[in-house]
Every structure is written in structure tokens, then in C-alpha cells.
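Visitor: The residues making up each chain are set out below.
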Amino acid sequence: MKIHILTLIFASFIISSCSENNNCSGFPADSIQKIRSVSILDKNYHVYLRASGFHEKEHFYEIYDHIPNFDSCGISDSFPVSDDHVNTNNGHVSKLVMHDDKLEIIYTQDESNKVDYDKIEVNFKQNTRK
Amino acid sequence: MAIDKLIEKGNICLEERESIPNAPLWHMGKVAIFESKESFDLLQNTINYLTSKGKQGKPFTDNEKEFMRELYETFWWGGKYHGFNEAAKLANHYVNGNGKVIKVNAEAYKTSVIVRDTMSALKNHIKDLAHKNKPIASLKTINHEFLKSVHAKPLKKQVRSVIKQGYMFDNGILLVEQSNLRLKKTDHRFKLEVNTTKSNNYFLSRWSVTSIYDFEPFEKNHISDIPLGNGFTLQLPDGLSHYLTKIDVAKDFVYKSEWQEIWSD
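The listed protein sequences derive, respectively, from chains A and B. Sequential numbering of the first sequence, starting at 1, is according to our numbering. Sequential numbering of the second sequence, starting at 1, is according to our numbering.
Since the hints were made in silico from the structure, they are not lab data. Glycine included, C-beta positions come from ideal geometry on N, C-alpha and C. Mixed in with the good hints, there may be bad ones.
Per label pair, the in silico range of CB-to-CB distance [unchecked claim]:
(1) Q33/A x S19/B: 28 to 38 Å
(2) V115/A x T245/B: 23 to 33 Å
(3) T108/A x S19/B: 41 to 51 Å
(4) N113/A x Q235/B: 26 to 36 Å
(5) K110/B x S76/A: 25 to 35 Å
(6) Q33/A x A130/B: 42 to 52 Å
(7) S120/B x D71/A: 24 to 34 Å
(8) E35/B x C73/A: 13 to 23 Å
(9) D248/B x N89/A: 26 to 36 Å
(10) T108/A x K148/B: 20 to 30 Å
(11) N221/B x N113/A: 15 to 25 Å
(12) I67/A x S138/B: 47 to 57 Å
(13) K95/A x S199/B: 53 to 63 Å
(14) S76/A x K220/B: 18 to 28 Å
Among the chain A residues that face chain B by a calculated CB cut under 7 Å, a handful are [to be verified]:
(15) H55
(16) E56
(17) E58
Generate the whole structure from the sequences, applying the supplied hints.
Guide: Here it is in C-alpha cells:
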């Protein structure tokens, strides 16, 4: 009984603590991992991997032209330059390509060419327009 | 030497087993309020220890089972507070629902951008079918005829913002817009179904979503971050959540949401 009362008190503590900040304390949130920084045409970009959702995970790559701040919910203080969703229906992830300001995941059907999500390389491909 | 190490490991194992915390919520509160690293370490070490046992397929003691059950019950508190009512209900049902089918508040779906856009697309498709005197009684987003229709095109990834609008996969499964925290924590991807009857110029559509609540096994290496405030974040492997179904702590279940709408041609 005592334990239950104390637990309720601490639950209210969590709630009051959470009310001080707009955060996601006490519930699964997106996890954000910085993959790498790349320099493309003298501009620096920062690539992040987002694991989103709880029992149904989805993964996203996001590329920023600055280092963003993420809150505890995984929400950044600015929009990425570009992002792409890992659609596992398309095959295995093999690399990322930047077409000017657009990020694209390249997939492979060949399992030997797949890479771990957080070990992915970023290439640059300039669009040629006549 | 090898035996000494085994004994040492066994002793550590015993110590850890004795220190399974009784009330995860209590320790989460201590982390949130008092920035207690001791409580944080106790929680994370317990999760790590149980993960190790789960990976080896070992049974859990009653205390260990109770710890995991209560950890999930804390998600009910956290989810409720942040307005993730449906996700909170599902997490609690995972360890207390005995695998029974559960209904989810339709508002979570009805207010989603991708759901609203898909309902609109399906209604246009239904109107087309009705004009051609084709069957409209039962349709799904995964139906081939809908997927190749002109109405499905605005739902494709190429023309949408994944963050703000979500999109429909080529196979008709919908991915929730990432800005919608409430729904993506409840149901990240699903197919939308609709049963429709027509009377004069009016249609009665009953919309529904049916999903399964389960977790990926250890092999997928998925991990859920649980922020506790003050920079402390617990890491809970999805494989451990999955393993709970093997030791009778949790049960996968089906959850459904339904709503209806009368609309005119």
C-alpha cells in the first residue's frame, strides 16, 4: 500500500516535471543519431538517422545545412534541407545521393551490397540541365 | 582461471537479480526530479541484464516479470500526460490485455492528414465506380484498381511532404505524417478500408483500420529511446519487448478503429 502511494506521488512528480518543458518524458520518443558530416560544393551538410515510432519503427535520413537542436521528442528546431524515408519494400539500403538539394536513398536487391543504416555513405550528383 | 571468471560472473548475476527494482515509476520519478544517476543506472542496468537473459532465451523470475510489466505501465502514465492516449492504452494493454482485441478512438485517425487525403481519394474512386455501376461495397487502399487510379496519384511520395503529409506506399499501405506524434506512436503504417452503401445520391461509408500490436525480435536490433528528463534517456530494445510474449508477460493483439460518414455525390 505504501509503495503504491509513493508511486502515485512520484507519478505526479513526473507529470509536474514534464509540464515545465514541452518534452516527451516517460514515453518512447524518436531516436536521433548523427551519421556524418559531408562537404558538398564547399557547403557543409550534416546527415542524421531518425528511428521513429514505438512498436512500428520507421527510419528516415535527414540532411541539414547546419547543426540542429533536437528536443526530447526528437523534433528539430528547424526543417532539414531534405529527407528521405527508408522504404524496406524497395530493398536494402546501399547509399545516399544528394541531387543538388534533394536527398535520395539508393536501394539494392543484392544483400551483399547492403549497408548498416548508420554506416551509409553520402554521394553527390549534380543535375545537368541544358 | 576460467572457473574463477565463471564464479565471478555468477556472483554478479546473483547481485543483479537481487537488485531488480520493485517500482520503475519510482526510479523514473527520481531521475526526473532529483536527476538521480543511481536510479537511472539501476533501471538501465536492469534492462540490459534482462536483455541479456532474453537473448539467451532464459526464463525470468517473478520479480523480473513484474519489473517489465510495471515498466510498460509507466508508459500509460507518460503517454496519457503527453496526450498520446491511444498509444498509452495500447502499451498498457500489451501487458494487461491478455491478447484481446481492443478498439482505438477514431479521432486519432480522422485528424491525420494522410487519412483525410486518402478518404477523399477513395470517395472520388467510389463515385467513379458508382457511375460505372461497378461494386462499391468493400474497398481497401491496397486494391489494385484504386492504386492504379488517378485518385491515388496525389497520395504518392513524389508529390508529398513525408513530414507534414505522410504518403502511401506503392502497395497501398499508408505512412503517417511524422509531425503527427499522436498517431505515429499509435499506428505508424496501416491500410484503410471502407464499406459503402448508396441510397439515391447519398453514400454511407464505414471506415476502418485493423492493425497488430507487436514488436520486432532481437535480430532486428531496434531500440526505443525513453527520455526521462534532465538529459537521461533509457534505451529499451524492441527485442526485449518482443521476448515478453515468450514468457507470458505480454501478448500481441489486434486493435481496430472504426468511424462512419454520410456524404453526397
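Visitor: Does each hint hold? Answer for all of them.
Guide: Going through the hints against the structure:
1. One distance hint, 28 to 38 Å for the beta-carbon pair Q33/A and S19/B, holds here, with the actual separation near 30 Å.
2. Evaluation of the 23 to 33 Å hint for V115/A and T245/B yields a pass: the beta carbon distance comes to about 31 Å.
3. At about 46 Å, the beta-carbon gap between T108/A and S19/B stays in the expected band of 41 to 51 Å.
4. Distance hint check: the CB atoms of N113/A and Q235/B are about 29 Å apart, consistent with the given range 26 to 36 Å.
5. Checked against the given bound of 25 to 35 Å, the beta carbons of K110/B and S76/A, roughly 27 Å apart, stay inside it.
6. Distance hint for Q33/A and A130/B: a CB-CB separation of about 49 Å, consistent with the stated range 42 to 52 Å.
7. Separated by about 33 Å at the C-beta atoms, S120/B and D71/A satisfy the suggested range of 24 to 34 Å.
8. Checked against the given bound of 13 to 23 Å, the beta carbons of E35/B and C73/A, roughly 20 Å apart, stay inside it.
9. Between D248/B and N89/A the beta carbons are some 34 Å apart, a value that agrees with the proposed interval 26 to 36 Å.
10. In this structure the hint that T108/A and K148/B lie 20 to 30 Å apart at CB holds, the actual value being about 27 Å.
11. In this structure the supplied range 15 to 25 Å holds for N221/B paired with N113/A, their Cβ-Cβ distance being about 19 Å.
12. At about 50 Å, the beta-carbon gap between I67/A and S138/B stays in the expected band of 47 to 57 Å.
13. Hint check: K95/A to S199/B, Cβ distance near 55 Å, so the stated range 53 to 63 Å holds.
14. Against the hinted window of 18 to 28 Å, the Cβ-Cβ separation of S76/A and K220/B comes to about 25 Å, which satisfies the hint.
15. Look at H55/A: its Cβ gets to within about 5 Å of chain B, closer than 7 Å, so that hint holds up.
16. Evaluation of the E56/A hint against chain B yields a held restraint, the C-beta minimum of about 4 Å falling below 7 Å.
17. About 6 Å separates the beta-carbon of E58/A from the nearest beta-carbon of chain B, less than 7 Å, and the hint is met.
Hint check: no violations occur; every hint is consistent with the structure.
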